[in-house]
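Enquirer: Chains S and G, in that order, give the protein sequences.
In terms of numbering that gives the first Met the number 0, the first sequence is residues 0 to 670.
In terms of numbering that gives the first Met the number 0, the second sequence is residues 0 to 170.
These aren't lab readings, by the way, just hints derived from the structure by calculation.
In this text the structure is predicted, and so the values were computed from the model without any measurement.
Wrong hints could be hidden among the right ones.
To be verified - Far from chain S by the CB rule (all over 12 Å, computed), these chain G residues:
#1 Ala6
#2 Leu20
#3 Ala85
#4 Ser111
#5 Asp137
#6 Thr147
Stated by the list, open to error - Below, a sample of chain S positions facing chain G; criterion: calculated Cβ distance under 7 Å:
#7 Thr406
#8 Pro413
#9 Pro415
To be verified - Taking lysine-lysine pairs in the BS3-like style, the calculated list, with each CA pair at most 30 Å apart, reads:
#10 S/Lys431 <-> S/Lys86
#11 S/Lys314 <-> S/Lys188
#12 S/Lys242 <-> S/Lys86
#13 S/Lys521 <-> S/Lys155
#14 S/Lys314 <-> G/Lys38
#15 G/Lys38 <-> S/Lys188
Using N, Cα and C, we set each Cβ at its ideal position, and we do this for glycine too.
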Amino acid sequence: MAEIAIGIDLGTSNSCVAVMREGAAQVLPNAQGEATTASVIGVREDGSILVGNLAKANLIHDPKHTICSAKRLIGRAFQSPEVKKAKAISGYEIVPAENQGLRIRVRDELFSIPEISAMILRELKSIAEMRLGQPVKKAVITVPANFNDNQRQATKDAGRIAGLDVLRMLNEPTAAALAYGFGRGLSQKVAVYDLGGGTFDISVLEIGEDVFEVLSTCGDTFLGGDDFDDRLIDLLAEEFLAKHGTNLRHDPHALEKLKDSAERAKKALSVADEVEVRIAGITAKVDGTPLSIERRLGVQELAVLVQDLMQRTFKVCDEALQQAGVVARDLDGVILVGGPTRLPFVRTAVRNYFQQEPKAGVDPDQVVALGAAIHAATLVDTRQSAYLLDVTPLSLRIGVAGGLAETVIERNTPVPIEQTRAFTTTQDGQEKVLIRVYQGESRASSENEALGEFEFGGFRRAARGQVTIDVTFEINADGIVNVTATDRETDLKASTRITLSSGLSEGEIEQILDERRTERVKTQPIAAPREVIGAVRLVTTPVRAVPEARPRAAAAAEPLDEAPVAKPRAAAARAGAPAPVVPGDFAEDDLLDVDLDNEVVLPSRSEPEYDEELIDASIEASAGLFDDGADAPELTEAEEGLLDTSSDASLFESAGVDLTEDDSPEGEEPA
Amino acid sequence: MAQAELAPTEIHALARILDELDYYGLLHVAPGASVADVKRAYFASSRCFHPDANRHLPDDLQVAIARIAKRVTEAYSVLRDPRRRAAYDRRLATGGSTRLQLAEAEAEADRSELQQRGQTPQGRQYFARAEADLQRGDTAAALRNLQTALTFEPGNEAYRRKLQELRRRSR
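Let the hints inform the model, and build the full structure from the sequences given.
Expert: Shown next, in the form of structure tokens:
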């Protein structure tokens, strides 16, 4: 039997791990039974490290020791605008480091971003090991298609630090297309619209049976669901300022509460027309009187707030279609990826732009991990094959005189590829040349991402123009750049893994590996798969939401007050009033439909409204994860009535009890 | 598995003679092959030489295969694009190298297009008018303007071809 290799979607907000077993791609849920794990780490006082929703729940109380959205910082220089923006909105401390790099300071310890990402990867690896009951070494990790070389290298370093052999770095939209088309013998052109937490990517692909050719990919690395949250935060903060004269943005704790509520409200609006945002005691007056936020928010209001962001995504789509040489009506399908694509107005806008209904059937939060798992399986098992012909998202350039950067490999050129340019010396007796490499779309070198520079010398001293140096640029199938310089006369070579300006040196990686800090990640133990089904059934004991009932959310524990309370469409229509629902409920009928022998995708606790889709996905899996020609699934009444408004912490407690009762030590990671 | 297995000696041999093969020979397509044929050939070659398809092979073979894969991508990038392909064909016709760097292909295509548009300001001006006439569907005016353009540049092959094409169409 072939070795196990997993697929990991390392997301800005949430991450997901999947594996291919018995011909089906399956998501491996975490200890809480959730399909995705928050990409958040928390460093506790005793030095232990928490990853996931438990850490995220702490964000409100302990923003200084909780690191989220680290993916936005990976491979970035300290001086970059992205890092400046992150500094303005992050509760944790970002400090400069050598080589224009950056570190995050938590409890007097400095962490590099690859190390933070490695902790998330380690958690996912542990989840996979416990679910599979065997060690996992190999993985395919996905990255946004528009990631540059610095970001890809840093992500690969993160994999290494986490103790993973990264078989391949796969572009997220390509992974989604693979999940859609693998094993179906399709001959189609498709677009993948990937609106993630922090990035937007659009890829146009041509699928020819087992070959997946990316025709073009375009993106915006700083546009995502987080920006939707920011718009909501701005709205609420401005209103609060106008009403109470207090700027919540200057209060880190209030800001975290606001962020948390904004994100919850956005998620809730994926299934409800209106939510009520309630943040009791978000701050206090000078005399100690608590001030609160209480406001209804309609989905249309959010749609208007983010209209310009949506338009920005379609401008990128225009570019991608044009570069692929296709028009919208040439496409046989549109695949949605990323949590924000659940918002009804996003789906509508996408449908209008592409003039067709997007494909339905797989959870947009899981499709990338499933695709990565499929690819991982094809890489370790020679009986299965899928050939991914991807492109480089950014033009590769070389610095020339006058502050300019000349194109060597244009963007959207297929990879792997190698191109050679000849250079001659410009001065008599010149001893060395400096080769500077950039990625980006500007003629001005300063407007591109600097990948690095290296000196090449040791050639014959001669009059100018007498010495020719061949510089070879290679982009491999991972999208990673290598540059080699050769003296044509002596065949003397100098090559470089382009030393990234802000990345980790080999020495630093070795040191991080020696320190083994990622081993401080404490993963909750998970029972073996079959038992987990039972446990999940147990914790999700059906409690039907009664629209007229007094909301348990409001009556129950205090933290629930901070959560927005949804007004489900159907229930609201019937009752004519907001009808908040019970946390994380599953309607009884839904549960009975669960195939208990199907030990794969468990209902996600945090997103219960999608559990039906999850289960369907696991059953269909490799036969085709997508329901061709089907419209976006109409929400049933039962699904609409479900909205998780519980706090993550309380959720864990109930799940933890059931799960840890099980004794299946073989599934646990050795101490 | 769809992959056509090549013997190790064949892979090494192919890697050795890469610089002697032109892009058509490498992809096994005829010089006049359509873009669809080129794409089919690229897919077929990828099934053989994609790095992912050959992970199980020994290192030295993987190195050879990686070289071939990169050249296959290059060949496809040139032959699928009519502008680049024309530049490549001109190079082959003049006995040049079997490789054409993509940036060079772009630059050469730009030069050639500029030449097609005319070498004299008047030639370019009347050629542009003829194109505008055609956009409006006024073939008679286009014919007049093309003829005028030709009086300024009697040797311009592109003008002449266009004129002949128009005459055939207007009959």
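Enquirer: Work down the list of hints and note, for each, if the structure agrees.
Expert: For each hint, the structure was consulted:
no., hint, verdict
1, Ala6, "17 Å, holds"
2, Leu20, "16 Å, holds"
3, Ala85, "17 Å, holds"
4, Ser111, "18 Å, holds"
5, Asp137, "28 Å, holds"
6, Thr147, "35 Å, holds"
7, Thr406, "6 Å, holds"
8, Pro413, "5 Å, holds"
9, Pro415, "5 Å, holds"
10, S/Lys431 <-> S/Lys86, "40 Å, violated"
11, S/Lys314 <-> S/Lys188, "20 Å, holds"
12, S/Lys242 <-> S/Lys86, "27 Å, holds"
13, S/Lys521 <-> S/Lys155, "22 Å, holds"
14, S/Lys314 <-> G/Lys38, "28 Å, holds"
15, G/Lys38 <-> S/Lys188, "14 Å, holds"
Checked against the numbered hints given earlier, the structure breaks only hint 10 and satisfies all the rest.
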